[in-house]
Amino acid sequence: MDKLVNTIERLGGVNLLPVALAAVAFVLIGAPSSWVTLTVAGLAMGMMIFLMASGLSLVFGLMNVLNFGHSAFVSFGAFVAASVLAGLSGWLSGDSIMLGALALFLAVAAAMLFGLVAGWFFETVIIRPVYEDHLRQILITMGALIVAEQIILAVWGGTPMSVPRPGFLEGALIIGDVAIETYRIFAFVLGLAVYIALYAVLNGTRIGLLIRAGVESREMVEALGFRIDRLFIGVFMLGSALAAMGGAMWAGYVTLISPALGGEIMIIVFIVVIIGGLGSIEGTLLGAIMVGLVGNYVGFLAPKLALASNMILMMAILMWRPSGLRPAIK
Amino acid sequence: MSLLSISAMRTSIGQYAILHDITLEVPEGGVFVLLGRNGAGKTTTLRSIMGLWRPSPGSIRLRGQDITGLHTADIARKGIAYVPENMGIFGGRTVAENMVLATRKGQFDATRLKRVHSLFPALEQFWTKQAWSLSGGQKQMLSVARAIIEPRDLILIDEPTKGLAPAIVDAMAEAFREIAETTTILLVEQNFNFARSLGRDMAVIEDGRIAHAGRMDAFAADTGLQDRLLGLS
Numbered sequence: 001m002d003k004l005v006n007t008i009e010r011l012g013g014v015n016l017l018p019v020a021l022a023a024v025a026f027v028l029i030g031a032p033s034s035w036v037t038l039t040v041a042g043l044a045m046g047m048m049i050f051l052m053a054s055g056l057s058l059v060f061g062l063m064n065v066l067n068f069g070h071s072a073f074v075s076f077g078a079f080v081a082a083s084v085l086a087g088l089s090g091w092l093s094g095d096s097i098m099l100g101a102l103a104l105f106l107a108v109a110a111a112m113l114f115g116l117v118a119g120w121f122f123e124t125v126i127i128r129p130v131y132e133d134h135l136r137q138i139l140i141t142m143g144a145l146i147v148a149e150q151i152i153l154a155v156w157g158g159t160p161m162s163v164p165r166p167g168f169l170e171g172a173l174i175i176g177d178v179a180i181e182t183y184r185i186f187a188f189v190l191g192l193a194v195y196i197a198l199y200a201v202l203n204g205t206r207i208g209l210l211i212r213a214g215v216e217s218r219e220m221v222e223a224l225g226f227r228i229d230r231l232f233i234g235v236f237m238l239g240s241a242l243a244a245m246g247g248a249m250w251a252g253y254v255t256l257i258s259p260a261l262g263g264e265i266m267i268i269v270f271i272v273v274i275i276g277g278l279g280s281i282e283g284t285l286l287g288a289i290m291v292g293l294v295g296n297y298v299g300f301l302a303p304k305l306a307l308a309s310n311m312i313l314m315m316a317i318l319m320w321r322p323s324g325l326r327p328a329i330k
Numbered sequence: 001m002s003l004l005s006i007s008a009m010r011t012s013i014g015q016y017a018i019l020h021d022i023t024l025e026v027p028e029g030g031v032f033v034l035l036g037r038n039g040a041g042k043t044t045t046l047r048s049i050m051g052l053w054r055p056s057p058g059s060i061r062l063r064g065q066d067i068t069g070l071h072t073a074d075i076a077r078k079g080i081a082y083v084p085e086n087m088g089i090f091g092g093r094t095v096a097e098n099m100v101l102a103t104r105k106g107q108f109d110a111t112r113l114k115r116v117h118s119l120f121p122a123l124e125q126f127w128t129k130q131a132w133s134l135s136g137g138q139k140q141m142l143s144v145a146r147a148i149i150e151p152r153d154l155i156l157i158d159e160p161t162k163g164l165a166p167a168i169v170d171a172m173a174e175a176f177r178e179i180a181e182t183t184t185i186l187l188v189e190q191n192f193n194f195a196r197s198l199g200r201d202m203a204v205i206e207d208g209r210i211a212h213a214g215r216m217d218a219f220a221a222d223t224g225l226q227d228r229l230l231g232l233s
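Protein chains in written order, with the numbering used here: chain A, 1 to 330; chain B, 1 to 233.
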């Protein structure tokens, strides 16, 4: 038994979970084309959830702040991006890939810029007065999420808003009898690029080292002479911008968004952060991919269990590893 | 002038007053030992100096400069290093990363690094290992090494011998003697023999107040006083 465990650890340990899950799903699903479609959909969904959850994981790990308002940035990101895309619909409907890509870039950039500014405001005005008081954090950030939903309702109205996509992201890539939506490939590649960039910053720079050390012991980083509160504002703003980016991508994925989006996403985001392990960007990616894959596989195999599948996954992982799959603190 | 002057310092944690009246003069050079029974307020004194808990009222001065109420990071940058009781090691980071975090600009001074390696050879051996994999003694060495990798005026060290094997304690005492030749150490210690072997000056805290302060050799010779303040005999 020990030999088996050691071999699994050597091969990648918990990182192999998505591969094992996909292998089991392959057997259960039977049809290879359906399996490929579901797997790509799960990976794309996982990457978008990763974008939304990564900032929360760092904020949770670094400052021990329970920010239930995090998904408000997802909602705002989605609506800001949708508005920009709607305003530039002329660029989307034409044949020019360049104009379509520029419109998409501007939409995502506007969402991220909004996330940065809103993140600064949120941290300064709402979070800072309630440091080290979890009950007040939960109450005030839940309140902020409700207020955010009402602001969206007031600005964009209660009718679900359709989100136009650039023409070059419509359609599907056909390989044999397998059809893979182009947007899903794009979402996967973008999410992967953001992960690689985050990983490089966290593991290859001094600021990254300070963030990772701060996740382990904020007090000790301060005792070594660094103002972690200033670092935290930066991390909070980055996390909010990434959540807004995830919201923008999600809007393009579902193509119809409503003000309740933030509340719906919040549970999934927290599940990902908890099963991945607090403060760990690698854990968040792993958790997000697991949630994306499980959601798609269960939705196909046992649709009635689809809603419960993420909760079951979280319970199973926490019973096995109470600190999550790859917690930052050892 | 003393290196560190603490005057009428009171510290409360929540609604509980832990330090009632701490007045202390720590001279420059050597090891100053803070003794006291469990719960007397020794750790709280170090944490208050470091700004991790806010004293109110009272004042703390380093070389005459008021550092009361400053942010912990600013106090550290004034030249005070802190080695906490739990060692404060970043377990998920390598020994090298732990050390580089303690440098101001992310780069080592070659002479100081050489000195650290000569004081604690095990750290050079495990330089690229994650800190959680070190033994208790090695973690303590790493914690102290972080405190001396940059020039400091004062190092606050909280119970460094707790749970360590006697051989490691001896090595630690040797290292502290060498460090104290260039840097003042304010040491909190329960192991009286260890404290006596290092300390030049000392004070005893009792119930959040300084109950006695003076020379270590005089205190070591007065078994009656030791018994009354520390219950040693």
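Just to be clear, a hint being listed does not mean it is correct.
As the list claims (entries may be wrong) - Examples of chain A residues lying across from chain B (beta carbon under 8 Å, computed): (1) Glu9; (2) Arg10; (3) Leu113; (4) Gly225; (5) Ala328.
Keep in mind the hints are simulated off the structure, nothing from the lab.
Predicted model, so just to flag it, every value in this text is computed and none were measured.
Ideal Cβ placement from N, Cα and C applies to all residues, glycine included.
A quick look at each hint next to the structure:
no.	hint	result
1	Glu9	15 Å, violated
2	Arg10	17 Å, violated
3	Leu113	30 Å, violated
4	Gly225	4 Å, holds
5	Ala328	6 Å, holds
Of the numbered hints stated above, those contradicted by the structure are hints 1, 2, 3, listed in ascending order.
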